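A.B. asks: Same order as they appear, the protein sequences are chains C and G. For the first sequence, numbering that gives the first Met the number 0 assigns the number 0 to the initial residue and increments by one for each residue that follows. For the second sequence, numbering that gives the first Met the number 0 assigns the number 0 to the initial residue and increments by one for each residue that follows.
By construction, these hints were calculated from the structure, which means they are not laboratory data. Hints should not be assumed to be uniformly reliable.
Label pairs and their computed distance ranges (CB to CB) [what the hints assert, rightly or not]:
(1) C/F76 x G/S123: 40 to 46 Å
(2) G/P120 x C/H64: 54 to 60 Å
(3) G/R128 x C/S102: 52 to 58 Å
Predicted model, so just to flag it, every value in this text is computed and none were measured. Heads up, the beta-carbon is just placed ideally off N, CA and C, and yes, glycines get one too.
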Amino acid sequence: MSTVLLLAGMAGITYALRVCFWFGAGEGLPAWFKRTLHYVPVAVLTAIIVPAVLLKDGAFDLDIHNARLAGALATGFIVWRFKHLLAGIGGGLLVFVLWRWLSPLLMS
Amino acid sequence: MSDGALSGVRDAVPMVVGILPFGLIFGTLAGPAGLPPWATLAMSALVYAGSAQFIAVTLLAAGASVPVILATTLIVNLRHMLYSATMSPHVSGLPRAWRAFLGFFLTDEAFALIYNRFSSPRGSVDRPRYYLGVALTLFLAWTGSTAVGVLLGNIVPGIQHWGLEFAMVASFVGIVVPQLKNRAQIGAALTAGIVALLAHGLPYQLGLMVAALTAVAVGVVLERPAEEAA
Numbered sequence: 000m001s002t003v004l005l006l007a008g009m010a011g012i013t014y015a016l017r018v019c020f021w022f023g024a025g026e027g028l029p030a031w032f033k034r035t036l037h038y039v040p041v042a043v044l045t046a047i048i049v050p051a052v053l054l055k056d057g058a059f060d061l062d063i064h065n066a067r068l069a070g071a072l073a074t075g076f077i078v079w080r081f082k083h084l085l086a087g088i089g090g091g092l093l094v095f096v097l098w099r100w101l102s103p104l105l106m107s
Numbered sequence: 000m001s002d003g004a005l006s007g008v009r010d011a012v013p014m015v016v017g018i019l020p021f022g023l024i025f026g027t028l029a030g031p032a033g034l035p036p037w038a039t040l041a042m043s044a045l046v047y048a049g050s051a052q053f054i055a056v057t058l059l060a061a062g063a064s065v066p067v068i069l070a071t072t073l074i075v076n077l078r079h080m081l082y083s084a085t086m087s088p089h090v091s092g093l094p095r096a097w098r099a100f101l102g103f104f105l106t107d108e109a110f111a112l113i114y115n116r117f118s119s120p121r122g123s124v125d126r127p128r129y130y131l132g133v134a135l136t137l138f139l140a141w142t143g144s145t146a147v148g149v150l151l152g153n154i155v156p157g158i159q160h161w162g163l164e165f166a167m168v169a170s171f172v173g174i175v176v177p178q179l180k181n182r183a184q185i186g187a188a189l190t191a192g193i194v195a196l197l198a199h200g201l202p203y204q205l206g207l208m209v210a211a212l213t214a215v216a217v218g219v220v221l222e223r224p225a226e227e228a229a
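Okay, chain G solo, but in the shape it has when bound (with noise of 0.2 Å):
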C-alpha cells in the first residue's frame, strides 16, 4: 500500500496537541474583541493562520482600523512566501487546480510536516494525499477547537474575565524568547519594544508597525558583521 492520506494524519496528530489550546483561546477570546461568532468561525475557516488572527484580534479590540489590520496581516504572514518558494519543487508536478486548494492549507505545522515528509529519505509518498492527510487534520483541529471556544466563550459567564487574554501574551513570549539566540535578534527585540512604547501614542495603532519595521531594519543591520567575522 502506498504511503498516503493515513500516513499524513499520523503524523499530524501530535502537531494537533499543540493547536488546540490555541484555538480555543482564540474562540473565547475572539467575541469580546468585538468579533461575533460567525467571524470567528469565518476567519480560522477562511484566513486559517492563527498568529495573524490573534494579532488581528488584539488589534480590533485596540481600536485599529482595517487598513492597519491588513497591512499587519500582510508583515506578519510574509514568512508563508518562504514557504511558498521552498515547497514549490514538490509540488509543481500536481495539477492546477490541486496547486490552488492545497495551497489554501500552507500554515507553519503543515509546511514543516509536509516539507519534512517529502524530503526525506524514507521511503516514497503520494503526495497530494500525504500532503491532504495533514491539511485536513490540522485544519480540522484548528476551526474545531475555535467553534468550541466561541460555545464556551457564550457558555461560561464571566470567561472574558479570567485572564485568557494574557495566554495570548504568553504564548507570544513562548515563541520569541527561544529565538533569541544571537545578537542580531535580540537587538531586533530590543528596539522593537523600546518604539513600541515610544510609538504607542501614535493613531491608528500604528505603533505595532512601525516598531516592527525597525525592528526588522536593525536585525538585518546588526547581522552584518557577524557575517564576515563567521
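Excised from the complex, chain C in its bound form (with noise of 0.2 Å):
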C-alpha cells in the first residue's frame, strides 16, 4: 500500500512540476526562485554524498580501507581533469572495487 502511496505521489509531484506553467499558471518564475534553485542539485546531491562516503553504521570511517573514500576522489578527479562523465564513473567504480578487494591483503 505505501509502495503504491510513494508511486503515485512522485508521479504527481514530477508531472504537476512539469506542467505548471504549460495551463496558464503565472507568467513564469520571479529571478530569486531561479537564483535558487541553482543550488538545489549541487546542496542536495552533495548532503548524500557525504554521509555515503564517510559515515559506516553511523560513525566516522576515515582509515585507508574506506574503498568509497578512494573510488568517489578517483571519480571526482577523473571528471575534475577530463570532464567525462561515463568515465569517472567507470574510473571510480573500478578503483572502489580494487580498494575493497587489496586493501586488506596489502594494508592490513
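Both chains come to you apart, so use the hints to assemble them.
C.D. replies: Right under this line is the structure:
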C-alpha cells in the first residue's frame, strides 16, 4: 500500500512540476526563485554523497580501507580533469572494487 | 519533407548512450533497496525522473518514510519548473491534450534537446512530432534499461554485493564536481556536506532535507557580493 502511495505521490509531484507553466499558471518564475534553483542539485547531491562516503553504521569511517572514499575521490578527479562523466563513474567504480579487494590484503 | 519525429529520434540517440547505464543500475539496485520488480518498473514508467528515483531508492534503503521521500522528490525536481517555464512559449500553440501528454516527458535530457532545437536557426521543425520523437526515444531507453536491470538483479546471484550502489554515489559526484566553479556553489557544497554529517542522526532521514535547504540558503547568500562586484 505504501509503495502505491509512494509511486503515485512521486509521479504526481513530478508531473505537476513539469506542466505547471503550460496551463496558464502565471508568467514564469520570479528571478529570486531561479537563482535559488541553481544551488539545489549541488546541495541535495552533496548532502547524499558525504554521509554515504564518510560514515559507516553512523560513525566516521576515516581509515585507509574506506573504498568508497577512494572511489569517490577517483571519480571526482577524473571528472574534474577530463570532463567526462561516464569515464569518471567507470574509473571510480574500478578504484572502489579494486580498493575493497586489495586494501585488506596489502595494508592489514 | 518536414523535419519531424525521425529527426527527434536521431538527435536523441547520443543521449541514450548516457541513459542506458543509469537505467541498468537503477533496475539492479531498486530490488535490494526494497522495491518489488513491478514497482521498480512502474517508478521508471510513471515518475520518469532519474535522479529523484535514485534518491528515493537510497532513502528507502535507509528506512525513510513516504512523506520524507515525497518532500525530497519535490525539492530535487523543482528544476523542472524552470524547464516548464522556459518551454511554455514554444508549446502554447498546441492543443491542451497534446500539452498534457508531452509535458510528462520533460526530463533534463529532453529539455536540453528540444529547447535547443526549437530555438535554433536550423530551419523549421514540426514541433509536436519532433518533441514526440525525442520523448519516446528517451522514455524507451530509460524504461527498457530499467527492465533489463531488474532482470539482471534477479538472474545474477549476489549482484547487490558487487558494489553497484557505489555507482550511484559516483554518478552524484560526477554531477556535482563540474558545478563547483564559483564560491557560492563551493560554499553550498561544503555546507551540505557538514550539515548532512551533523544532522545524520535525525529521525526519518530528515538530515538530507535540513542539509539541502541550509546549503541552498548559503549558496544564495554567498552569491550576492559577487554580483554587486560584477
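A.B. asks: All hints are to be evaluated individually against the structure, with a verdict given for each.
C.D. replies: Hint by hint, here is what the structure shows:
no., hint, in the structure
1, C/F76 x G/S123: 40 to 46 Å, "holds (45 Å)"
2, G/P120 x C/H64: 54 to 60 Å, "holds (56 Å)"
3, G/R128 x C/S102: 52 to 58 Å, "holds (54 Å)"
The structure meets every hint from the earlier list without exception.
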